[in-house]
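Colleague: We have chain U already, so just place chain W on it with the hints.
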Amino acid sequence: MDSRKILIVDDNADIRLGMHLRLKANQYETFFAADALSGVTEAQKHRPDLIILDLGLPAGDGFTVMERLKQIPLLAAIPIIVVSARNGLGNQKRAHEAGAKAFLQKPVNDAELLAVIRQALGEPAGTKKPSPYDQGSV
Amino acid sequence: MKKKPLQVLVVEDNAGDVRLLREMFSGEKVGSFEITHLLRMSEAEAHLAKGGVDITLLDMGLPDGHGLETVRRARAAAPNIPLIILTGLDDEALAAEAMTQGAQDYMIKGQIESRALPRALRHAIDRHRMQTETDLIRTHQMEFKDEFLSHVSHELRSPLTAVRQFVSILLDGLAGDLNPEQRQYLEIVLRNVKQLHSMINDLFEVSGVQAGKLKIELQCTLVSDAIAYTVNTLQGAAAAKGIVLSSDIARNVPSVCADPARVRQILVILVDNAIKFTPQNGTVTIQARIFEEDPDFLLLKVTDSGCGIGPEMTERIFERLFQASDPDAADHNGLGLGLYICKDLVTRQGGKIWAKSELGQGSIFSVTFPIFSLPKLLAPAFSEERQAECPITIVLTEIGSQTGWLSNEVRAEQCRGIRELLRESLYSDLDILLPKMDSAGPAELFLMLAMTDGIGGEAICKRIRRQLDGSDRLRQAGLTHSTSYRPLETIKRNSTESKEEFLERVATDIQELMNVEISARQASNG
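Going down the list, the protein sequences come from chains U and W. The first sequence begins at 2 in my numbering and counts up one residue at a time. The second sequence begins at 519 in my numbering and counts up one residue at a time.
Think of the hints as simulated: they come from the structure by calculation, not from any bench. The structure presented is a predicted model; accordingly, all values stated were derived computationally and were not measured. Positions of the beta carbon are idealized from the N, C-alpha and C atoms, including for glycine. If a hint is listed, it holds; no wrong ones were tucked in.
Heads up, incomplete: computed chain W residues facing chain U, CB under 8 Å, no partners named:
| id | residue |
| --- | --- |
| 1 | 672 |
| 2 | 676 |
| 3 | 679 |
| 4 | 682 |
| 5 | 683 |
| 6 | 684 |
| 7 | 686 |
| 8 | 687 |
| 9 | 692 |
| 10 | 715 |
| 11 | 990 |
The following block holds chain U by itself, in its conformation from the complex (with noise of 0.2 Å):
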């Protein structure tokens, strides 16, 4: 089986590079955007299986790209998983109303990040490693 596609949505570089290393390590295609547009356009050119996205974005916020996905038929059902830093409640609230299968806060942890998306993407659990790093809390 071809492996899964994954959109980053990301202004951040820096977390861009990081969650790709990270998925990629669990055979996760990855491809990226770094504004709101471009999350747009992005997702129409590679019609990924998951987007990544998060909420303060250059050019429009994480909303406005999920509110245009919704408008395009072909892109309305891919699984989105925010990731934001903005707190919680309002925005995780917002954030599922609009859709998103997820709300996470950074900073991430990548074995709850892996988890997300495997549930998303409806794959078993379990099938791939998370880091013994990023196990439990604080």
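Modeller: Here is chain W on its own, set in the frame of chain U:
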């Protein structure tokens, strides 16, 4: 420009008193005061709700309202209108108490000097305006501070994310093998990153503490769950120092009336502290017992064999930003907010927190939570004035998961939202208690007890269904719901039983009914 007359509402059922009051305004310029006079509290409420009143003069003995209740009702109808209480000589103490309920002033009938009244009204209005302005400024300041803290914690999180990502990438060998020394140093980086992360969270949390808005949802809560969670979460940190972390839960500890997420948070802070301040190979124990000094409470104790603190410090450690000063202890650093957050959370759940410690002798942190009791929860619904034969209806709302892919955490989060939704929509005009969220089995079950007050259980059910049907978050989460009701026979207190006995009896009836209902649903869920 001509000044608009001040609109004065006089609520007073004694015609003689009203006449006297009107006379007192006769010396004022025509058009400076306009007086509306009403006899009953219900009329006053309707009038106040319409708006346009500048100040209310309120008698506390009306045909349809008495004492402080009238003050509360007037404040509820128009919270921003200044209020002056009119009282008799014998009721001065009560009037003084009304001031604490939001009245600006009181005047004793028969002792009001005629010229003084208009002046008192103007002063009351001024005072009220100044108070409102001060409150507004304070609110703005709080909002600014919250916004600032939220902004700062947001800005700090992004770079921290990148640091954490790359450290764990290196540690996982994704960029090549590490030698033992490199690994050790990177582990130190990661540990510090995690600590920074928890400080940022504390910072955000504490802005909530000060605004008094850390959310607390009281419900029937099992402390053993919170203890298991805490031990699970911190076992790793304890093991790393060779510390034995154990729990000791007395048999049959009752459930408490608390917010399960907050109980976990409190325990994690206390145990995390205990581990930090306990040297290699020490012990940390969590105990749960009924509180001997007051059996209505459950006592949780976190005992460590650590460095301890002087007895003179045991109160100060709960203050904001307090730090045990021990510069040698590298891993003791934090913002000094944890215990402060704990104290706020415990106090607001009706419990107490205290510490016992001596230098070098270890510490014992004790926390109490009120034991969950259905009779206590029922008590307001059976208060003296409501004790007439109000029928009770039990409404059960079940939230289930259709798809099954939701993690427990996500589902619990959704269910919390729905609970909030129900509370908002029903609390406003019905006397409803939401005592239990039972998560036994695959479904989340909400139990509600409703004092129907004339509105039947069917109507409540319909309303809940409509509310849940319209809930986006429920639909998006793929959760299902069903609501049913069961009216209880009219319950009457018989002359031989005390109020406590009566409540106990009603509670037992309800508990039994609930158990039957829950096991029936669990059976049908397979």
